Amino acid sequence: MEIKAYSRITADKMVVNGSTVYSSSDGENINLTDLYRHLGIDYPKFFKMDNLCKAGFLGAETIIRDAGMDTVTPKKDCDIVLFNSTSSLDDDIAYNNTIEDDANYFPSPSVFVYTLANIVTGEIAIRNKIMGESSFYVLKEFSSSIIYSVVKETAQETSANAVLCGWADFLNNTPDVLLMLLQRTGDGKIQFTAENINKLYR
Amino acid sequence: MEQLILELKKQIIEVLNLEDVKPEDIDSQAPLFGEGLGLDSIDALELIVLMEKNYGIKLGDPAQGKEIFKSVETMAEYIEANRKK
Numbered sequence: 009m010e011i012k013a014y015s016r017i018t019a020d021k022m023v024v025n026g027s028t029v030y031s032s033s034d035g036e037n038i039n040l041t042d043l044y045r046h047l048g049i050d051y052p053k054f055f056k057m058d059n060l061c062k063a064g065f066l067g068a069e070t071i072i073r074d075a076g077m078d079t080v081t082p083k084k085d086c087d088i089v090l091f092n093s094t095s096s097l098d099d100d101i102a103y104n105n106t107i108e109d110d111a112n113y114f115p116s117p118s119v120f121v122y123t124l125a126n127i128v129t130g131e132i133a134i135r136n137k138i139m140g141e142s143s144f145y146v147l148k149e150f151s152s153s154i155i156y157s158v159v160k161e162t163a164q165e166t167s168a169n170a171v172l173c174g175w176a177d178f179l180n181n182t183p184d185v186l187l188m189l190l191q192r193t194g195d196g197k198i199q200f201t202a203e204n205i206n207k208l209y210r
Numbered sequence: 023m024e025q026l027i028l029e030l031k032k033q034i035i036e037v038l039n040l041e042d043v044k045p046e047d048i049d050s051q052a053p054l055f056g057e058g059l060g061l062d063s064i065d066a067l068e069l070i071v072l073m074e075k076n077y078g079i080k081l082g083d084p085a086q087g088k089e090i091f092k093s094v095e096t097m098a099e100y101i102e103a104n105r106k107k
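So the protein lines, in turn, are chains A and B.
Take 9 as the starting number for the first sequence in my numbering and just add one per residue.
Take 23 as the starting number for the second sequence in my numbering and just add one per residue.
Next comes chain A alone, as it looks inside the complex (with noise of 0.2 Å):
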């Protein structure tokens, strides 16, 4: 397969095809928000997801519309294949602190709803309309061959003609983003190996 788009998010920058399309502004960390807005985006949900599901909800909006591919259609070869560090742990956290203090103790349903990982695939497919396999690994840390061959050997079982997939984590108010949209048929530039899925995210 082929890479036809990427982005990467990083705690100061967008980037999508290698082109910088936002940065913040005096050494502050990213704010998905501003981002969000920079990118004209009118999708009123997204002010409802966690972190991590605004982090990843960014990177694929971009490279999934730069691929021509819209909101309406059903997408039912195309595949998400996610993977992180930090599972849900920020949203955990922020559920905790609503519940840690006796005194104030009122637990949030829509912090709740957002404390599995696999949710931002979710959130990804329904903007979408993404209907084919939807997997979210946690690893140890980012690793260029694990993903290569867990999505290499999930497009093989599938077959599906495009998978978005990647890396997708945020903690400590820190994005850390690198989605790519393969094709099985492109032109050819980026190939789907993990030395370049390394690349891409270094």
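No lab work stands behind these hints, which were simulated from the structure alone.
None of the hints are false.
Just a few of them, taken from the derived set where beta-carbon distance is under 10 Å, the chain A residues facing chain B:
#  : residue
1  : Thr41
2  : Pro52
3  : Phe54
4  : Lys56
5  : Asn112
6  : Phe114
7  : Pro115
8  : Ser116
9  : Pro117
10 : Phe120
11 : Val121
No farther apart than 25 Å at their CA atoms in a straight line, the calculated lysine-lysine pairs in the DSS-like style are these:
#  : chain 1 : residue 1 : chain 2 : residue 2
12 : A       : Lys84     : A       : Lys160
13 : A       : Lys56     : B       : Lys44
14 : A       : Lys53     : B       : Lys44
FRET-style restraints, in silico, Cβ to Cβ:
#  : chain 1 : residue 1 : chain 2 : residue 2 : range
15 : A       : Thr81     : B       : Lys32     : 36 to 46 Å
16 : A       : Phe55     : B       : Thr96     : 21 to 31 Å
17 : B       : Glu36     : A       : Ala19     : 23 to 33 Å
18 : A       : Glu149    : B       : Glu29     : 40 to 50 Å
19 : A       : Asp50     : B       : Glu99     : 29 to 39 Å
These numbers come from a predicted model, not from an experiment.
Just so you know, even glycine gets a beta-carbon here, dropped at the ideal spot from N, CA and C.
Got chain A; can you put chain B on it based on the hints?
Below, chain B alone, put in the same frame as chain A:
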């Protein structure tokens, strides 16, 4: 009552993360669910928490929610009659 309705609208916007909505955009008598603000089941649970946290009201019977959460106005009327803080 007008003051409570405005206060409620601000709280709803905050707890439900209705980022692009202003208090004046919310019709006090419009349905909160389905049409109107288009809230969902998780939002309903969040409104129950809001009533308990800010006004000390615990809903004993969840079925009551259907009537109470019809609109901001019906919420305000219920809070006015049952608030403990």
